[in-house]
Every structure is written in structure tokens, then in C-alpha cells.
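Protein chains in written order, with UniProt numbering: chain A, 1 to 400; chain B, 1 to 400.
Since the hints were made in silico from the structure, they are not lab data.
From a predicted model like this one, the values you see are computed outputs, not experimental measurements.
There's no promise every hint is true.
Listed next, the stretches of chain A that the computed footprint assigns to chain B, with coverage defined by at least 3 CB atoms under 8 angstroms from CB atoms of chain B [to be verified]: (1) 218-230; (2) 307-314; (3) 332-342.
Partial selection, computed: residues in chain A whose CB lies under 7 angstroms from chain B [to be verified]: (4) T122; (5) Y123; (6) D323; (7) R327; (8) L329.
Where a beta carbon is used, it is the ideal one built from N, C-alpha and C, also for glycine.
Okay, here's what each chain looks like letter by letter:
2 protein chains.
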Amino acid sequence: MRTTPLAEMPVRGTAPCRFPLVARVAVRITAPESRISGPAGAVAAIWLHCQAKSNQAPNMQTTYQNQQWFYVKRPDGRVGNEHYELRKTELDGNLSANEVILRARIVSVDPYIRIQQHERNTYDVPHPLGIVQRAGVVGEVVASASPLFQAGDWVSAYSGWQLYARCHQSELTKLDPGAAPVSTALGVLGMPGRTAWFGLTEAGRPRPGDTLLVSGAAGAVGSLVAQFGKRAGCRVIGIAGGPEKCKFLTETLELDGAVDYRAHTTPAALSAAIQAATGGVDIYFDNVGGPITDAVIPLIKRRARIIICGAISQYDGGLDTPDLGPRFLQHMLFQRATIQGILARDFAHRMDEMLAIVAPWVKSGQIVFQETYVDGFEQLPEALNSLFEGKNTGKLLVRV
Amino acid sequence: MRTTPLAEMPVRGTAPCRFPLVARVAVRITAPESRISGPAGAVAAIWLHCQAKSNQAPNMQTTYQNQQWFYVKRPDGRVGNEHYELRKTELDGNLSANEVILRARIVSVDPYIRIQQHERNTYDVPHPLGIVQRAGVVGEVVASASPLFQAGDWVSAYSGWQLYARCHQSELTKLDPGAAPVSTALGVLGMPGRTAWFGLTEAGRPRPGDTLLVSGAAGAVGSLVAQFGKRAGCRVIGIAGGPEKCKFLTETLELDGAVDYRAHTTPAALSAAIQAATGGVDIYFDNVGGPITDAVIPLIKRRARIIICGAISQYDGGLDTPDLGPRFLQHMLFQRATIQGILARDFAHRMDEMLAIVAPWVKSGQIVFQETYVDGFEQLPEALNSLFEGKNTGKLLVRV
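Work the whole structure out from these sequences, hints included.
Put into C-alpha cells, the structure is as follows:
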């Protein structure tokens, strides 16, 4: 496994990664040798860079030395470098009308990528083999034949794991670096934020006084769900792996409690710990599935809402041979509970509705959006792999 | 096991057990030696009896020779006679103001009774030991000190497994034998009907063209769900055990298909058969749980609604040691499906709303309400036991 050792940057102060403080605060690093780095001011640096370049003339270069990660082999367990090929290619920069050249700067790695690597249909057709890995990206327009974009504009797109892409203007969303750091378009103000917002508000239906339990609570979606839940007046308990993450939950996110699932070795012990922390669960926002969810389900209260947002513990397994867990549907009956599966894409058309509420919170520093950065385009497959090791806190991003 | 052999009555004609035909049609009997009998005209006989008695003078008797089934031991598997004691007692017939003496005529046996026999809380506290088994009853008022009831009135009550009960008027619901056979107060126009109606309409949200799959489709609730689904414009497929029940589903209830789960010995074969019959499932109304539900879940379509109404396959098991089944929450996510547990009691306050729609259908013969009768008060525990053998079609009732 290749790593990119980077000097661990000091955390300047104890303030969380709220927007106004972003240039002063580093993402926490827990593993000294980790290739996951969190240099202070990373986001702000990009943001300032973007502002500096926004008045430059369009780039007239006609060929771009590109790098692309091709998805070439379906994993039968953990995904890694062996399922990808890094290719150096040339991108023809001659633009047709309404096209632009996008230079990626921040590439997203998300758990859903692993789902789409299965051979059989899941919520989408399988990601084809032999093409560039699809992914969300934030980058700069470096050349434009579009009336809507000019060189220097920051945009988000779904252009995948490649340094350069030729995009039609319809594929781009312009970002306003003055409104929020551009990286947030891949996190709190992007797909993960939308997932958290609509999953909680639409399927969770939080009421003040409800006890909200979030699994994967230190993750990209979970950490937002937890904070949105607090703002809805819920008592919020998070489940995460390890004391550092639990400290993040209670001290940085100021949740009402945290359960370290790694500290409890049997399902019964974990269930008892969750019961002690929650006193029973009105809303369970599930990002992980598997044994943690097994431990939670007996603790749900009457008319509980269970939101199935992810099942990261299960993504490595074969879908055709699911593993076994305790049957629990009888308990759903007794409690008249609801389970609902939700996907961000179902709320894509309501993005503005979410942004109208959440963006001001981000701008005024009321929401913590933790980001973990990996540096280097060549790190992308290993960064994806690391999602399933539970090392990152908040949104995992790769700077390229 | 005691049985009460009764002459098998011929089925007079092929018409289903619709209201106007009730005196002419017998409940089907499949097992020649079965203690479950279905004499023709049973319901109508009671109904006519009730009409004949309705003008009699109040019964002035002051002591009633009673029989009561006491629930004395918690079953650790199948329930039967060994968990009950039949006691002959005397009931003091001296009434206080607003009290009546009720003589039970039809006693209900329902799967939920078994749930409440567990020691630990389920959706209610456990049924106490050492008291008369609670159950729904239809009977006659034989003496009254209530201004609301007179001797000869037919009522429904929750007076349990006893021949006579002294009840406060507030515990009784007066029945109109001219509107429907009184037995329907324990079936289509009672708790099972309410379960079916609100489970389907509130949690199932049927749309014309949806494919509705019902497990336990020949049962008290399932057979009504299936018919309500047809009236909502759904394509309805039922799952039941054995060719007779499947014939009932397709010929009597006129469903669009039926799957005999007993004809498929592996989960994969059952799943393939259900897939062939349904082509995918928009609404799954589940009364059984366990391996049948395991076979259905991979077949649900996008935004499917799964209603957990019962899990009769699981009621015998210990709740503290649930058995294992395939994990499936990931599939809920992919399909953005909803699972909802529902209980009849949550809709008790909306009974009138259901009756306003369903009672006219019953009266005009548009709804089949199959009833299976067991004769004899002493048969009650064994009748309850038989529910879990899947022998009855429609509502199982004991005539006492």
C-alpha cells in the first residue's frame, strides 16, 4: 500500500472546522503513519487560489497531459489499487460550442462507489468496466467555449477520477467561493449534505425531544445528520469507532452522548451500552448496517423511524450471498416502527430547498463540516479503500 | 388431541361465502378427520336465532353455571390444552346499575393471542397467568340492568374464553343482525377487517396497477387485504399453503394468481415461483414472516411498501433468541422501500371510517368473508393451536 507521508499539521486552537475558522483549523489525524493527511488551511488555500485565478484569460492550450484512473476489475471483497489502472493520456482541448475544459482539484471518494462495483444491479446498473471511475469533482474551468463559464470559474461536476475533462456546460454547477469553501460542494452543501438533510427530515420526521441515534456518526453524512438533529431539538447520540471519534462527537459536535462500538466485543454488550446511552431510540439513522444495527433494533421505541441511508459494513460482501442476522420484523410490528431506505439522488431536484436552509448555517459557522484530505491523484483507489477501514472523520477528499 | 367429528356438510353451489348467500354455502373442509368443521348455514343459523330471541323478556336467573378457560402456563413452543385449565364456576347474576350478563355464542381465536403469551413485553404487557384467556366474543345479552341493552340484544365484547360474563355497558358494542351476520363483528367488520383495511390503505398506499402480494392470503386478514387490493385496482397475488387454499384464492377471491409455498422446497425455488407470478412486487402485505418473507424481499420493486401485519411463522419461537435470516436492509436502500409495522389497535378510533366503506360491500355481497367454525367451548385451546398449523381458511371461530 503506497502512502504519502505528510507532516502532521498542528491543530491551531480547539475550534471545530466551522466556516469562518477554516483557515486556522486542521482536520484531526489519528494515525501517525496515515496517508490520510489534514494540512491546516487546505480548503482555504484552494479557495484563495480560486479567487486569485478568477480573472485570468482563458487557457488556449489545445492538448492536456491527462491522468485517469480506469476501473478495470470488479472487487470480490475490499477494493484497492488492483481494481484500477492509472493511465497517462492526452486530452484534445479543441472545444465545440458550449464545452469547457475542467481541471479537477478535489475528487470525492464515497461509499456508494463500492456499491456500484457489484456486478449485479443495485440501485443503479453496475459501473462499467474499462472506463474512468465516476465520481464527484470540484475543479476549475481552464478553457471555455461556453457563454456561461470562463476560465477561473470554480465548478462541481461528475467528471470522475481524471485530472482533466472536457465537459458540456450542462454538466457543470458553478460554485461561489465567496459563499462557502468550494470543497463543501462535495460535502455539507453537496450530495452528503442532501442525504443527511432529506434522510433526517423526510424519513426521520424529527420532533423536539426525540432521541436520535446515528451510526457512522463521525462520517460525512452521519456528522451532519447529528447536527441537523440537534437543531431540530432532538437528543442526539452517535455511534463511532474509537475514542478519538467519540470525543469528536461529544466535544466538537456537542452531541448528548457517544458509543464506541469497538469498545464492546459482543452484540449484547454493545446493545447494553447503546441502551444505557439512549434510554431507547425514536429515530435511528443508519449508515453502517450489520452487527451494529442488530444491536440497535431491539432498542427502538414505539413508532420509531429507522432510516437506511447506508450499510457500509455490508458493501464488501457479495450481494447474492447475504450474510445472516437476527430476524427482527416481528419487533417492527410490536413497535409499529417504520424502516425507510433513502438515496440522495431522489432529492436532487430539491437541492435548492436544502441549500436555502443549510448554506446560511454553514456560512455563519453553525455547522461543523469536518474534512479529511488525502494528497495526490495516485492515491485515489487507496483512499476509497480506506473508507471501509473507518479511519476518516467527516468527508474524505483527495486533492489532485 | 380431542376432536369433534362432525358430518361434513356439502357445499351447495360454487358461490363464495358472500353475505346474501351465507345460508346456502358451507365453509370448505379439507381434512376429513379435522376437528375444524364448517356446517352450512352456521352463521345464518345464529343470525336467525338472534332475530327470534330479540323480543324475549330479560332473563331473571341470578346464578349462571359458567365455564371458563384459565390461562395457567406459558407455552415454550406451540400452545395447546396443557397451557389452559377448564373450570366450571358459578357466576353471580345480581347486577349493579348499567351491568349486563353476556352469554358468549361465538368466540374468536386469533394469532395475536399467542404473541401475548410470551413472558416479555411485545406490543403489550404479557397476558397474565391465572386469569380467563382474553379474547373477542360475540354473544347475547341474557339479563340487563343497563338502559342501553335488553335481553336478546346481540353484542360484541372482549369478555374472553368464558360462557357467561358480567359486563359493564361500556364494554359492549351493540350489533345489528339485520345489517350483517353477527359473526362479522369478529371478522370482516371487526378487528381483522380493520387490520386489513388500514394496513393496506394507510401503510400500503395502493395505486391502480400496483402489484400487491399477500402472504397468509387465505387467512382472516389476508383474504380481506387481497379483496380490498382488487377494489383499489391492484393486481393481486396471494401466497398460501396447499392447492385448496390456492384454488380459493384464484377461484373464490378471483385473485390474479396464487403461489403455494408448500410446493417449493427451497427458498430459491419459492422466490423464483413468486417472481414468476408477480413480476416484481410493489406492495407486500406480510402476515407470516420467516422464510416466505425472505423469499419475497429480493423481489420488491422501487419504492415498494412492505406492511408487517403479522409474523405467524415466528410466534412459537422465543423472542429472546430470534432465529437468523438473510440481512436485507441494503436492499431496502437500493429500492428506497418502506417497511411499516401496523397493529389493529392503532386504528380502533377509526372503526366507523372503515365500516362506512366496507359494511356496504359486505351487505351487497361484494366481499367474501370465509369463516371456519370449530364447535364446542372445550375446543378453544386446540382451535388456537390449529391456527399455527395453517389449516383454516378465513376467520377461525369457535361456537360455544
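Each hint tested on the structure:
no., hint, result
1, 218-230, "violated (count 0)"
2, 307-314, "holds (count 5)"
3, 332-342, "holds (count 11)"
4, T122, "holds, 5 angstroms"
5, Y123, "holds, 4 angstroms"
6, D323, "holds, 6 angstroms"
7, R327, "holds, 4 angstroms"
8, L329, "holds, 5 angstroms"
The structure shown violates just one earlier hint, number 1.
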